[in-house]
Every structure is written in structure tokens, then in C-alpha cells.
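There are 4 protein chains.
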Amino acid sequence: MFRTDLALEAKEMVHEASGKTTEIEGVKAESQERDGLTITTVDILNENGKKALGKEIGRYITIELPPHSSFCEAYYRLGCIELKKALLSLLDLNKNNEVLVVGLGNREITPDALGSLVLQKLIVTRHLKTLAPDAVEELGTVSGIAPGVMGMTGIETVEIIKGILEKTNPSAIIVIDALASRSTKRIGTTIQLCNTGISPGSGIGNTRKALNSTSLGIPVIAIGVPMVVDAATIAFDAIYESSKPTAEEFLKNIPDTLKNMIVTPKEIDKILVNMSAILSGGINTALHPIPLEELSQYTG
Amino acid sequence: MFRTDLALEAKEMVHEASGKTTEIEGVKAESQERDGLTITTVDILNENGKKALGKEIGRYITIELPPHSSFCEAYYRLGCIELKKALLSLLDLNKNNEVLVVGLGNREITPDALGSLVLQKLIVTRHLKTLAPDAVEELGTVSGIAPGVMGMTGIETVEIIKGILEKTNPSAIIVIDALASRSTKRIGTTIQLCNTGISPGSGIGNTRKALNSTSLGIPVIAIGVPMVVDAATIAFDAIYESSKPTAEEFLKNIPDTLKNMIVTPKEIDKILVNMSAILSGGINTALHPIPLEELSQYTG
Amino acid sequence: MFRTDLALEAKEMVHEASGKTTEIEGVKAESQERDGLTITTVDILNENGKKALGKEIGRYITIELPPHSSFCEAYYRLGCIELKKALLSLLDLNKNNEVLVVGLGNREITPDALGSLVLQKLIVTRHLKTLAPDAVEELGTVSGIAPGVMGMTGIETVEIIKGILEKTNPSAIIVIDALASRSTKRIGTTIQLCNTGISPGSGIGNTRKALNSTSLGIPVIAIGVPMVVDAATIAFDAIYESSKPTAEEFLKNIPDTLKNMIVTPKEIDKILVNMSAILSGGINTALHPIPLEELSQYTG
Amino acid sequence: MFRTDLALEAKEMVHEASGKTTEIEGVKAESQERDGLTITTVDILNENGKKALGKEIGRYITIELPPHSSFCEAYYRLGCIELKKALLSLLDLNKNNEVLVVGLGNREITPDALGSLVLQKLIVTRHLKTLAPDAVEELGTVSGIAPGVMGMTGIETVEIIKGILEKTNPSAIIVIDALASRSTKRIGTTIQLCNTGISPGSGIGNTRKALNSTSLGIPVIAIGVPMVVDAATIAFDAIYESSKPTAEEFLKNIPDTLKNMIVTPKEIDKILVNMSAILSGGINTALHPIPLEELSQYTG
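Chains as they are written, first to last, in our numbering: chain A, -12 to 287; chain B, -12 to 287; chain C, -12 to 287; chain D, -12 to 287.
Only chain A is shown next, with the shape it has when bound in the complex (with noise of 0.2 Å):
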């Protein structure tokens, strides 16, 4: 079966392999909406929910937005809020707590730029503490890097944030990521947050050293936004339509011409920006407590 990134997504997969939407044993989720968009938890408890939908032990949530289509100001600022809200509730924060910022991806591959786009709008504050403390004083302790991807860098990301780490000693990390999906509807609609942490490169490329709690030995949640699906994705799921045997068949041979090739909206440009403007809308409202119609006057 094709990888998501998606605990949703492949709870649903599940079902619909199974053929019945009964409860997974080890999987609980539950799902609200709330002024259009809907937001839904998944939290895998054991070996088995594990093992069932390939995902690691810990807490998904998934903020579904409208079709892109759509984007508004409004929904930029639902989306900023229930992005708050999520990541709050997997973030245990006090007042003094300092948090690392990390946009993964290559910024010179479009639907790869989002961790760094979200970094260029990060409020960071760590430096100002002190040298200016007083014109930070309300404002949380945050730093963040976009430190590139191993193609870029030669070094394993893990690597370079342990290292970065040491320095500083943050007390928790977020990791902001572009995201592969098993379904075009998702891309750019989506925002998975999990306490279990992520690994470089899923979303485009390959997969890289994880960054998590154990890898790093504080608390890791990561933000993701499913951006492209494999080519591969969408041919078999068009053979699976009519041929399931043809479609297993395919999965074993899968053509070099669509090994490389994503699949993308062709508006992939502005959902790039609109989903970063929410993931930095979100972030900075949860980190600083600034109302987020102040924020440009700190991001610009």
C-alpha cells in the first residue's frame, strides 16, 4: 500500500481495506466541527494501533480546511486559531519555556519551501532577551533555524538541530514539514500536528534520520501540510479502481518514468504561501501573546 503522512488518512485506508469502519483496537479518534472547518484526533495507544495504521504511539490532530478554491480571510483566521489551539494542547508551555522553531525542506523545490516560508515570518525573540529585554518582556523565548536538507548540507538534519541544542537548550521543539498525501483533495487543505515527532524528507525525497523525543531528548511536535502526492499514487489508485489484482501487479513494477514525479495543483505557488501564512499565524499566537491582528507589526 502507498505511504501517507497522514494518521487520518490512513486510518482510513485501513477501513477501507478492511471493508468496515469498526473501531481499531489501539486506535481512538474522535472528530468536531467547528465553523466549517473540522478538526479530528487520533490517538494510537499500543503496539497494535501502531502496527494497524504504521504510525508511531502518540497524538494526531488534523485541521481540515475548505477547498483552497476558497481561501479567504476568514479562513485564514479560523485556521490560525485551531491551529493555536492544537498545538497548545500538545505543547506543555509556561512562561518561561524557550521553543525551537525548525522548518524542514528545500526552499528551492515549491511545494518543499514550506518549512522555510513559515520561518521567515517566525517572531523570534531569544536574542532579545538579552539585549533589548524590555522590548520583549511579554513576548515568549523562541529561535528558529531552516537548516536545509541533507542534499544541501551534507549533514544529517538530526545532526545539526542535537547540535544546535546543546547550545541552547530549548525545552521543547516544533518541526514544520511539507507532507506527502494519498489524496489530491488534501493537499494545501490539511494540517496534521503529533507529539511523535517527523522525519525529514517524507514529503518529497527521501526519508532521513527521524526528529523526535527520543532522538532529541525533549518534547518534538510537528506541524505538517500535505503538498504533493506521488505520481505513482494516483496511477494506481486509477488501476485499483477497475482491477485490484492489476493494481498489486503494478505496485511491484512500478514504472522508472513515474518513480521522481509529483503530482501538484497547479495554484501550488499561492497555497504555498496561504499555509504558511496560517502556520505563522498560528505558531506566533501560541509561542507570544500578541492578538493576530497585531502580528504584521512584528513580522513585517
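Since the hints were derived computationally from the structure, they do not count as laboratory data. Certain hints may be false.
Note that the list lumps identical chains together, so a pair holds whenever it fits in one copy or between two copies.
To be verified - Cut-off 25 Å, straight-line C-alpha distance, at most; resulting in silico cross-link-like pairs (PhoX-like, lysine-lysine):
| # | residue 1 | residue 2 |
| --- | --- | --- |
| 1 | K239 | K253 |
| 2 | K196 | K253 |
| 3 | K253 | K116 |
| 4 | K116 | K149 |
| 5 | K7 | K72 |
Note that the coordinates shown come from a computational prediction; the quantities given were computed from them, not determined experimentally.
Use these hints to put chains B, C and D onto chain A, whose structure you have.
The following block gives chains B, C and D in isolation, referenced to the frame of chain A:
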């Protein structure tokens, strides 16, 4: 059947559909290999050929480069040389002729930015023929514009170009656009030139009114490079392999989630840079008597 | 004396040179302050006023915002509102009028990219009035183009616009360009509107043939924002402070190393983004009956 | 006196101030011309030389190219060759040494993006030495990072680099940054290499803690290119020409409107592209045994 912008592919599709490679009446094709590049000339001679390939009567020259992963300085040079040769074979130029180069496409959408990028590197001299004639005495007379797509201007591109033609009176037009292909392996490796013009937006988005010698009144040479494949094409091909009738069925009900989706290689941003370098190199050396190695003096 | 594109500055310079702020015959000026913004209307009434200020006869409205460092959502809104108001006072529009918006400047040079950036956010509807009239029934009829500078097209911009006018027949033109100012403190804080048109390249590079109602045959409203100061201006001002005669001497022999040099704030990239947001917001709400907070639904 | 990042300029300023070009005790300088490029080596030998020039004890090599307007393929090649030569004279490398290349500066500010751009073209191999050793057997071991400025990370750059050093253990560091110069004519024409390290932000913005062999514990080679001149420098120079005392006075009260302003050539965007090409070409050929003409195979 799915659309292709390449006459070469259209011909291959006819052969494939009929199961034989005998000649198509009204179509003449000829291939040669030079230094690892394949140059194919397809002539559509009459109405029968036009109907068979779904392409206008005229000449189509295709330059096929090796896979993009092996792109290097040498292939850049060979690509420029073959493009210059092909362009001059289609364009009957004498020293005093003025040429207008038009870059189509939407520069805000990565795979559609090809035309705009080529225009950035175009050596433009028309104004200098009056303002500084000595400085450009040896050079051709060239003007250029990248008007943007109809969705951004509100005006049919053919109307903008007609308006400019009436003010500048060039002898010929070269139009550059990103194309759609049937096959992922052609993305960033194939260049098509033709003397039949082009319909803006055929690569990405909706087709608009044609730019050709009928609509514009002077010779129109189109240069295009496949930059995307439709997601539906990928799905269709996958199904077709296993069951032709199912594939036909699929065609009648293409899922909404696939429409508006495009397939590109992950490294599309690099392909864009490299292909626009070949196109501008070939066009600049065709329109001006400048050796390839001295181009950067003019284009910075 | 050094050139300024702002009528307001030209007036200040006359006062300064004469050492008095008495009225200049043929020039009428009036200022008001609203919500921290200063709006000044300068009317050049006759040949004497024209000669005194070195500006064409007509109306110049200047909107002065607080320093860029205090830019925020609130000033964005106020800027949009005042711009809309000023624009509608200069432009006699009725519901069926068609407006062409022209973005001047070179998008490859950061401080000169203002026109192009505003065009990217312009809500363009002219084509939809035919293709999807119901969808845009309530909206105005707007087209737009960012033709690029003469150095990139080889064609006088006024000729390109004339060609397009003949094909589209709008009732009025709005032209947007980056300006040069006398003073660094105006960069990114002042917006000038006028009904006398503009000469492309006055901000950066060489002045080209004017775009105005005489050359184009319909009303031309120009909107400009100072984005640079000439390096020679900075030097002149510094010398002038200490010795007027030396300053006069300097003017006669401006060192070659200063020519072609521009002065900008370090944060010019951010200023560009913020000022283009105000300009597109003000123009879109003036040409279409859309509330400011719903704009992002149309512009993405 | 105004600050310069160039030892060569510091020396010229001392000569100018003293009115004589006799040798400065503790400073040794030597120039040669090769193919139109001037290569100057300034050695600061002792405390007296350090005090006289305001630069650390060590070696400074300056490569001066012709004016940017005459930039061409030939000067690109010559620049790469001289940079490689100078770099290898400062860096004692053997085949097994690992080098970390650090690109300083803020990629969001055009003249400060030099370091980031060079990193984009760096051939990085460190990870492949483990993952695909055969593919890079002939190449050096190189890693790289462009961490962003302290204003974006909240962390002193030297701390980030220290953290990474502890995880990767390279033998030497090459640091790249945009510099400030005294003179507009050096912008984009002069390259300085030195073995004394660098203070991030010296070109644009506030100076931060130094990156040098003392702070990092291994050899640090800094490579810089002047990309800006302070606006106050331009003004000072202009006044100084006419009256030295007034200039001294000006220095004590630099107008606020000049602070935070930078002077660049109009074509700074092109200069950035061309200079980053020379820097990456020189560094890549110094660290890897790859002929210049085959570089594009590796960097795309």
C-alpha cells in the same frame, strides 16, 4: 485520446493505436542523431496528415536531449547549436529584418514560467538601433515581451500582440511557451519548434486564441518545451496497460480530484533554469551574430 | 537642483531655496491629517506654477504614512482607504467604465519592482465580462499589464500601451511606478497620485516618453511611491549643509562612481511587499465594490 | 574614520590620511597583475600593523576584477581560477580533510544574500561518503550551511556553527559573507580572502561575535565581496573633498535619515548572481578535483 502538444508524440500515438509503424499519408518524418541529440523533422503535408495527427499543416522540428539528470555544459552548448540551426531553417531572416520574441505563460507558476525566463536573457536591440546605433551595428534588430496570461491581464494575448505589432512592424515573431506532453520522460528534455504557431495556455490551463501567421499576418515560429504532464494522463496510461475498455471508461469520467492537477519532476525548478538557458542561448545566437561563449557579455 | 518626482517635495524645495513659505503664484496646496496620515493636495494651476515646481499643470495628492518601521495591519487599512478615496477623486468612473492598470518598472531590480508586484494582486475581470459574466456581474471592468522596461522590450512603453489601447478601448488608465525622492525618509512612506501622467523610468534609470492624456488620448492617473534616492543627492545634501558654493560646484562634476548608484533602506524588500499591498488594496477597492477584508478571496 | 571590511582599503586609507605611501611598520603588501586581474596580498605581521589598519594579524588576499559592466564568461573563468589559487594558498588541505562551508547573511535582503546563493551551488558530498562512497570517491569531503542571521534565528551564528562542528568534526571552515566597502567602485568587483575569520553582519547590519580560529578551534578562511557602501560614507566623502573640518563635524552627528540606508548599484541583482557564480566556481574547484567546465554536471 489525451492531448499532446508534440507532433512527434502525436505520430507515435497514431502508430501505437494502429499497432503498426507504416507511413501515415500526408505525414513525412525524418530523424537524425548528432552528438547524442536526436533531431526529428515531422512535416504535415495535407488535410489527411492534419486530421491524423490533430496538428496544423506545417513543419515541426523536435530536438531530444539526454535525460535531465545528465545535463551539463556540453549539452547546453549542443542544445543551443541545434536550436539555432533549427530556428534558422524555419525563419527566413535577412540582416535588416526585425524579430519580436514573445514569452508566454504565467511567471508565478513554476513550470509555466519558461517563456518569461527566456525573455529575461534575450538580447534586445530594437531601441538601440535608434538611440545608440553604433553600439549595436553588428547585431540583429530584436524586441521582446512577456505579456502574462489572460487570467492576469484580462485581455486575449493575441490582441496584446496585435496591438504591439501595429506599432513596431517586425518581419517575424518567435513565440515561447511551456508545453504539455504525454510522457514524463519528455519533461525538460525535448524542444519543439514549428512554423504553425501556438495557442497560449496549451501547456497549463485553458487554451486561448491561436498566435499564428493567420491571426497575426506575419510568420510565427513557436518554440516549446514540455514541462508538465496532466495527472489524468498518468492515471489513464496506468489503466490502459491493464485494460483498454476500462481506460476508455475512465476517459469519460475523469475524477474531479485529478482535474487541475499537474505532474512534474521534483527538480522542475532546476529544469526550468537549464531549459531557459538553452532556449535563450539558441535564440540569441540565431538572431545576433554573437559566438555562444560571448553571450554573457550581453545578458549579464 | 536635484530632481524629485514628488510635487510636494518640489514645493518644499522652492520654499527652502527662497527662504520663505509664502504662496507661490499658480500653486495651491492644502493639507489634512486623518488617523495619523497626512493627505496633501497640491494644485498646479498655470504656467507660472508649472515653471516654479517643474511639474505639469494638474492635481497631485500625497498620502504620507508613518515611518515604515511602525507598519502594521492598521496602517495597511488606513493606507488602502485613503488611496481609494484619492483615486476616486481623480478618476471620474461610472459602473460601465473599463480601466486599464499599467505596472511600470523592472521586476528584476528590487526597488523598481513595485508596479509588477501591484499587478500581481490586481483583480482583473475584463475577460470574464464575456466568458463568465454572472461571476463578475457586481465587479468593475479591469484589465492590466506590466510590460517591462524599454531595456527589456526594445520598445517605448508608450507604444506598447497605445497598441493595447487600440485593441481594448478602456475609459481611463492607472499607471504605477517606483519614484525617486529627495529624502530617504520618504522611501516607502509616501504615496503620490496625480492626473498628469508619468514618464517611465523616472524613479530608476533613464526617463522615457511620457504616459499621459496627451500621448494616450484618455485620462491617465499615475500612482507612485518613492523607493530610492540618488546617491548623488545624498552627497549633495551633505555638502550643501556645510557650503552652498561647494555644493553648486559638486553638481557640475558629479563623480562617475556615484552615477548609477542608488540609496535604499536595508529593509527595501519588506517595504516593497508592504507598499504593493497598500497600492493593490486601494486600487482593487476603488475599481470594484469589494470590502477590504474580502479582497483575499479574489487575489488569493 | 569610516569602517571598511577590506584590508587593502584600510591600507589605502592610512596612506591617504598620512599623505604618503611609505611602508607601514608591521604591514607587508605585494601586488601582481594577471590577465587583467590584480591580486594583492596584505600581511599584517604584528600589533603595530593591527593597530594601524584596524585588522587582525594575518593574511588578506584581494582579487580585483574589471568593472562589473564588462563581466563576461572569460572573467568568470579567470575569477574562479584566481580564487581557487588564493584559497588553496590559505587552506592547508589534504585529500581526507573535511571542510564546512558557511554562507552568512540574510537571503531576504538582496545585497546580503551572497552567502546563501554560493551555498546553493556548493557541491556537498559529506553524506555521500557514507551513503554512496563510490559515486564521490574522487571528490573532497564537503558540508555546508546557510544558517541565516541572528535576527532570524535568535541565536548567535557562532553558537550554531559550534554546535554543528561538534557533530561533524571538519578540519577547516570557509565562511562567505557580503562586505561593506569605502568605495562604490569595489561593489561586485573585489573579492577578499583572509585567514583571520569574520564577524557576521559586518557588511549589512550590526556586527556579531566573530567566527575565527580562536572562537571555533580550527582554521577559518573568510571570503567576502563588497556589496554595499554606507550612505553616510558617501556623504562623508563628498564633504571631505571640500572641507576636512566639516567632514569631521559631520561624523559626530550623522543624520538619522542616513543611518540604516545603503548604497548599491542599480544592477545589484545581477552582480549578486555573477559574483556568487565566481565564488561557488572557485570554491568547488578548490575543494574537489573537478575541471571548471564540468561543474554544471554537479551543480545543475
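Hints violated by the structure (listed by number, smallest first) = Hint 5 contradicted; others consistent.
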